[in-house]
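Undergrad: Same order as they appear, the protein sequences are chains A and B.
Counted from 1, the first sequence has number 17 at position 17 by the working numbering; the numbering is strictly sequential.
Counted from 1, the second sequence has number 35 at position 35 by the working numbering; the numbering is strictly sequential.
These are computed hints drawn from the structure, not numbers from a lab.
Here the structure is a predicted model, which is why all the values come from computation and not from measurement.
A few of these clues could be false.
No copy is singled out in the list; a pair is fine if it fits within one copy or between any two copies.
For lysine to any residue, the following SDA-like pairs were computed, each having C-alpha atoms within a straight-line distance of at most 25 Å [claimed, not checked]:
#  : residue 1 : residue 2
1  : K13       : R81
2  : K13       : D108
3  : K13       : D75
4  : K13       : R44
5  : K13       : V83
6  : K13       : Y63
7  : K13       : R66
8  : K13       : D65
9  : K13       : D47
10 : K13       : L121
11 : K13       : D111
12 : K13       : R64
13 : K13       : S72
14 : K13       : G82
15 : K13       : L84
16 : K13       : E46
2 protein chains.
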Amino acid sequence: METVVNLEAEAEKLQETWSPRVVGRVNDQYVKVAKLQGEFTWHRHEDEDELFLVLRGALTIRYRDRDDVALSAGDVHVVPRGVLHNPMAVEECWIALVETVTTQHTGDTVDPRTRSIAEQLGGG
Amino acid sequence: METVVNLEAEAEKLQETWSPRVVGRVNDQYVKVAKLQGEFTWHRHEDEDELFLVLRGALTIRYRDRDDVALSAGDVHVVPRGVLHNPMAVEECWIALVETVTTQHTGDTVDPRTRSIAEQLGGG
Numbered sequence: 001m002e003t004v005v006n007l008e009a010e011a012e013k014l015q016e017t018w019s020p021r022v023v024g025r026v027n028d029q030y031v032k033v034a035k036l037q038g039e040f041t042w043h044r045h046e047d048e049d050e051l052f053l054v055l056r057g058a059l060t061i062r063y064r065d066r067d068d069v070a071l072s073a074g075d076v077h078v079v080p081r082g083v084l085h086n087p088m089a090v091e092e093c094w095i096a097l098v099e100t101v102t103t104q105h106t107g108d109t110v111d112p113r114t115r116s117i118a119e120q121l122g123g124g
Numbered sequence: 001m002e003t004v005v006n007l008e009a010e011a012e013k014l015q016e017t018w019s020p021r022v023v024g025r026v027n028d029q030y031v032k033v034a035k036l037q038g039e040f041t042w043h044r045h046e047d048e049d050e051l052f053l054v055l056r057g058a059l060t061i062r063y064r065d066r067d068d069v070a071l072s073a074g075d076v077h078v079v080p081r082g083v084l085h086n087p088m089a090v091e092e093c094w095i096a097l098v099e100t101v102t103t104q105h106t107g108d109t110v111d112p113r114t115r116s117i118a119e120q121l122g123g124g
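Please work from the sequences and hints to get the whole structure.
TA: And the structure:
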């Protein structure tokens with residue numbers, strides 16, 4: 001891991017959408033970057049909150065049991081543990097995430113786009 | 001805590017330098033914003049890493065036992081636990097921090113500018 005990482009520069013390197021990459025760690029949390037476009041998959045992380053920071057573009061976090069949350073660049077929103085959610089971006093959106101090192105990409109849902117933590121760390 | 005917080009807008013509200021304000025929480029970590037100018041105080045957080053994200057301006061993290069780290073807007077750097085450091089900004093700099101909810105402002109050092117966690121939460 002580099003000593004200094006520029007979040008937008010790290011996001012820019014990503015080839016694929018919906019494929020987060022770990023760029024740092026603080027205590028028991030990974031910092032990740034990702035590119036998003038379109039709609040992801042409904043999922044929840046039973047025991048873990050998930051922080052979204054929008055770097056570029058606009059993002060909506062869709063919820064089943066509460067109002068959707070609209071985010072623009074520089075906005076932070078924390079998806080609470082245990083709550084069904086689905087990120088959606090009409091245009092390509094770049095984000096940073098802060099989440100526990102054990103957090104599974106799509107929580108308790110399996111999706112063809114699910115990435116393992118090893119893949120997010122740059123492993124196989 | 002608001003559902004959506006814009007980091008720069010939260011930083012802009014701050015009246016004082018070196019007085020972090022909690023604006024969010026993800027798992028066992030607080031997200032804080034602060035304005036910095038000048039030099040702070042040498043300190044360490046024995047058991048806790050501290051993430052710096054520069055929102056505006058430029059920041060140097062000075063170290064005693066390694067090279068200083070220079071940061072610009074969008075850059076992230078994690079000060080490792082147990083390592084003496086001192087933030088320094090020639091011009092006013094706005095930052096976000098991610099650190100464990102128990103992290104003391106100036107670690108094991110006491111300084112007139114030390115802010116309690118209650119103060120950072122907006123309490124007394």
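Undergrad: One pair to classify: K13 and D65, alpha carbons no more than 25 Å apart. Within, between, both, or neither?
TA: neither (35 Å within a copy, 32 Å between copies)
Undergrad: Cα distance capped at 25 Å. Does K13 pair with D47 within a copy, between copies, both, or neither?
TA: Result: close neither inside a copy nor across copies, 30 Å intra and 33 Å inter.
Undergrad: Please sort K13 with D111 into within, between, both or neither, judging by C-alpha distance up to 25 Å.
TA: Within one copy only: 24 Å inside a chain, 42 Å across chains, cut-off 25 Å.
Undergrad: Please sort K13 with R66 into within, between, both or neither, judging by C-alpha distance up to 25 Å.
TA: Neither: 34 Å inside a chain and 29 Å across chains, both beyond 25 Å.
Undergrad: One pair to classify: K13 and R44, alpha carbons no more than 25 Å apart. Within, between, both, or neither?
TA: neither (27 Å within a copy, 34 Å between copies)
Undergrad: Cα distance capped at 25 Å. Does K13 pair with R64 within a copy, between copies, both, or neither?
TA: neither (33 Å within a copy, 33 Å between copies)
Undergrad: Given identical chains, is K13 near D108, meaning Cα to Cα at most 25 Å, within a copy, between copies, both, or neither?
TA: For K13 and D108, neither the intra-copy (28 Å) nor the inter-copy (39 Å) Cα distance is at most 25 Å.
Undergrad: At most 25 Å between C-alpha atoms: does K13 with L121 qualify within a copy, between copies, both, or neither?
TA: Within one copy only: 14 Å inside a chain, 36 Å across chains, cut-off 25 Å.
Undergrad: Pop the pair K13 and S72 into one bin, within, between, both or neither, using alpha-carbon distances up to 25 Å.
TA: both (21 Å within a copy, 19 Å between copies)
Undergrad: If the cutoff is 25 Å on CA atoms, where do K13 and L84 land: within, between, both or neither? Let me know, please.
TA: Neither. Shortest intra-copy (29 Å) and inter-copy (33 Å) distances fail the 25 Å Cα cut-off.
Undergrad: Should K13 paired with Y63 be assigned to within, between, both, or neither, using CA atoms and 25 Å as the limit?
TA: Cα proximity of K13 and Y63: none, with 30 Å in one copy and 30 Å across.
Undergrad: Given a CA cutoff of 25 Å, do K13 and G82 count as a within-copy pair, a between-copy pair, both, or neither?
TA: Neither, since 31 Å and 32 Å both go past 25 Å.
Hint compliance for this structure: hints 1, 2, 4, 5, 6, 7, 8, 9, 12, 14, 15, 16 are broken, all remaining hints hold.
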